[in-house]
Every structure is written in C-alpha cells, then in structure tokens.
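Keeping the supplied structure of chain A fixed, place chain B upon it in accordance with the hints.
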Amino acid sequence: MKVYIDSEFKCHTENPNGNFREVDNEFFDGKSQASIESYRFVPSGEQWIRDDGTVFNGGGDMITPWKDPEEVDEDVLKRLEDAENALSILLGGNV
Amino acid sequence: MANYKLVNADQLDTDLKAVANKIREKADLKDVLQFPSEFIEGIEQCSSLNFSVVGGTVQPGEASENTIWVNTDKEIRGWVFSAAEPASPVEGMVWILVGDSSSVSFNALNSNTIQVYPKSVKQYIGTQWLDKVAKSYQVGKWVDWFVWAGQLYDPGNEYKDITGGWVAKGMKANSSSEASAAAPTVERTDTYLSASNAAGKSGIFYMEKTINTTGYTSIVFEGTFVNKSYSQNLALLVWSKIGTYYADNVVARKNLGEGTHENVELDISGLTAGSYYIGFAINAVTGNGSSVKFTKGNLKK
Chain A
39 MKVYIDSEFK CHTENPNGNF REVDNEFFDG KSQASIESYR FVPSGEQWIR DDGTVFNGGG
99 DMITPWKDPE EVDEDVLKRL EDAENALSIL LGGNV
Chain B
69 MANYKLVNAD QLDTDLKAVA NKIREKADLK DVLQFPSEFI EGIEQCSSLN FSVVGGTVQP
129 GEASENTIWV NTDKEIRGWV FSAAEPASPV EGMVWILVGD SSSVSFNALN SNTIQVYPKS
189 VKQYIGTQWL DKVAKSYQVG KWVDWFVWAG QLYDPGNEYK DITGGWVAKG MKANSSSEAS
249 AAAPTVERTD TYLSASNAAG KSGIFYMEKT INTTGYTSIV FEGTFVNKSY SQNLALLVWS
309 KIGTYYADNV VARKNLGEGT HENVELDISG LTAGSYYIGF AINAVTGNGS SVKFTKGNLK
369 K
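Top to bottom, those sequences are chains A and B.
For the first sequence, the numbering used here assigns the number 39 to the initial residue and increments by one for each residue that follows.
For the second sequence, the numbering used here assigns the number 69 to the initial residue and increments by one for each residue that follows.
Derived by calculation from the structure, the hints in this document are not laboratory data.
Since the structure is predicted, the reported quantities are computational estimates derived from the model, not experimental observations.
For every residue, glycine included, the Cβ atom is placed at its ideal position computed from N, Cα and C.
Some hints here could point you the wrong way.
Here are the simulated distance ranges between beta carbons [unchecked claim]:
| # | chain 1 | residue 1 | chain 2 | residue 2 | range |
| --- | --- | --- | --- | --- | --- |
| 1 | A | Pro54 | B | Gln196 | 54 to 62 Å |
| 2 | A | Glu64 | B | Thr282 | 25 to 33 Å |
| 3 | A | Met39 | B | Lys237 | 21 to 29 Å |
| 4 | A | Asp120 | B | Ile182 | 39 to 47 Å |
| 5 | B | Asp199 | A | Asp120 | 48 to 56 Å |
| 6 | A | Glu64 | B | Glu330 | 21 to 29 Å |
| 7 | A | Lys105 | B | Arg256 | 33 to 41 Å |
| 8 | A | Asp106 | B | Gly167 | 19 to 27 Å |
| 9 | A | Ser82 | B | Ala341 | 26 to 34 Å |
| 10 | A | Ser70 | B | Glu255 | 51 to 59 Å |
If we strip away everything but chain A, and leave its shape as in the complex, we get:
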C-alpha cells in the first residue's frame, strides 16, 4: 500500500500539498487511516535522529509507532467541540 511520509518520516494517507514522499510497503495493507498515521517510516539508507539524540540509520526500513493510534488529536477534538457549539446556537440549543 502506498503511503506518504513527511520530513519527520511520519506517515500520511494523503499528500494534499504534494510535499510528502511516497512509499509503498505491504506493512500498511489493511490498516485504518488512524493506524497508518500513527507510524513513522524511515526508509533504508536514511537517518532519523530522535529527540533524545539517538541516531537511527542504515540497514533497512524502520517502521515504528510515534503515537498511540487511539490517541485523540487535540486539534480535531477542539474543532469538533466548536462545531457542536455553533450548531447548538443555530438550532436554538436543540442539539
């Protein structure tokens, strides 16, 4: 399955601005969007430096979670709450 990786090697299911790189790996076959986007894919031969300075490089692809796929995106949650509040006002509190 084709996915897209950003500059931090985080995976995305879409490439809206064309800035992400495409990778094709069967690891992502059958996975949900939330699951895919919880992964980091560091291609073989490339280097990723973790926040603590640990260097991961070479050898082969590394595919590993960077967050819990069940974790709720705080931005999305806030936008959802704002939308619900706006809808409630429009419908006179009948939401």
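Chain B only, in chain A's frame:
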C-alpha cells in the same frame, strides 16, 4: 495484598487475619482460594507462613527455606509485601516490593498457595525509604535478588525468568511467501546465541514470553546479522501476539537489508505501554541462508 500497617510481631496475627478476611470478601477469589478454619487458626499461630524476614549486616549461614535476609544495621520493625508504597510507615519497617516476576519467587503459605514475587527491598529510616540489599535462602543456598533492567540476553544468559528463553519456530511471512516454514537452527554458547535458516526456509526466533516495554525507548541487539535474501526477509520484529504468519500482528519492525549488519536498534518510544513478543524473522528465500548472532540484547531507556 491489602496495604496494611504492621506495628510489631504481636500485631502480625491480627493483621494477617484481617488480610485473609479481605481476600475472602472478594468474589473472584472465593472459588479459587479455600480457607479452612485451620488456616485461620494457623494464621493466629503464625504456623501457616512459609517464610521469615531477618535483618543484620552479616549474611546468616544455613537458614529455613525462603528466609529473606535484609542487609541492614537497623532493627526491622515489621514488614509488608506491596507493589505500592505503604501509606503509613513506621521507623524500621521493611517494604518488600512485589511484581509479576522474580528470581526468588515463593509460596508464602505452608498450605494453600499465595505465590509471591519479591523484586526489591526498602527500609523506612528517618523519613525516607532506603534501598537495601536482600537475599533469599532457597534450595540450600542464599540466592541474590535479581533486579531486571531490560536485559534480554547476555553471554550464556537468556534471562529465562523474564523472557521464557529464546525459541525457534517455522513460519512463513504470509500466505504467498515462497519459502517453506522451518524452525531456524539454534546454537547456544557461553558467548553468543545464534539462529539461522538455509535458503528456501522461513521461521522466527523469539522470546517465548511477552516483554513489558513500558518506559523503554529502544530495543538493541549487538552482534552480526547476515541477510542473503530480500531486504524485508531478515528483521527485528515486535508483535502484539504471535499469529499464523510472521507478518501478522507486527507493531514495529526494523528490517535488515541484504548484506551483513553489525548491531541493530529499533525505536519503540511511541509504542503503547504494554507487553509484546520480541524476536527475529529469518526468511532465506534466495541465495545462501540468513542468520542472526548476538552477544547482547536489551531494552534501553
């Protein structure tokens, strides 16, 4: 076990009886633990306990089975087994931290079973819990308490109490994989552990028990890893469970591409807290066989 306060040995019988009654109240244990009246009587007489706790700065000679010696120059005034810090400590109290594995686990009772997994010891001195060294007398000798710090393998030591030991199993990558399932050939020495598969053979080499990776950020193996097949066919894998094919239930992986690699490290800092199976896929589809040979393996914080 209930978190209760032990003041002195005379209080012991009363406290243990209270613990037993609390256990009896729990519905899920009523059918599991049988408490005949003689058990309660035994508690009152302290005759049902299968261990003792002693202090001192000189390791005792021979002792009763499951004697716990705490290396301390402070009088031990009561002890408690608990996974959580005791709420109301008294000066001299010994807190024996318990977990779900131990190098000195024992049955605390002479009849019936309460299996205890001691991990480490602290003593309340002044206003602090201070670490103490402890040993247990088991099967005729004093045994050190091993504190696991993420070790998966050291020369000649598979840390079987934690890992269950390394096992080999024939397994294909998926249903369309070319290679036939074959358990890797394992070699155990005093200096390394290795597993290999010949061309056309596919299997996994992994630790039989799940490993709790909570709080760790990497899995590291030092050694030599030789892949003479396709790039994804030799890999360090983390599974949520072992399935039918080794690609099933993988939550993290580090592929070891064609060629020879010295050491491998897989980031697990984003892995959800919990326990996982860890091991290697050795799938030698083409060319000569592939192998893993490591002298050390550990989780890293």
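Hints versus structure:
1. A/Pro54 - B/Gln196: 54 to 62 Å: Given range 54 to 62 Å: holds, Cβ gap about 56 Å.
2. A/Glu64 - B/Thr282: 25 to 33 Å: 29 Å, holds
3. A/Met39 - B/Lys237: 21 to 29 Å: 27 Å, holds
4. A/Asp120 - B/Ile182: 39 to 47 Å: 54 Å, violated
5. B/Asp199 - A/Asp120: 48 to 56 Å: 51 Å, holds
6. A/Glu64 - B/Glu330: 21 to 29 Å: Roughly 27 Å apart at Cβ, these two residues keep to the hinted range, so it holds.
7. A/Lys105 - B/Arg256: 33 to 41 Å: The hint (33 to 41 Å, Cβ to Cβ) holds, given that A/Lys105 and B/Arg256 are roughly 38 Å apart.
8. A/Asp106 - B/Gly167: 19 to 27 Å: For B/Gly167 against A/Asp106, whose Cβ atoms are near 24 Å apart, the range 19 to 27 Å holds.
9. A/Ser82 - B/Ala341: 26 to 34 Å: Holds: the Cβ-Cβ distance is about 29 Å, inside 26 to 34 Å.
10. A/Ser70 - B/Glu255: 51 to 59 Å: At roughly 41 Å between Cβ atoms, B/Glu255 and A/Ser70 fall outside 51 to 59 Å, so the hint is violated.
Violated hints, in rising order: 4, 10; the structure is consistent with all others.
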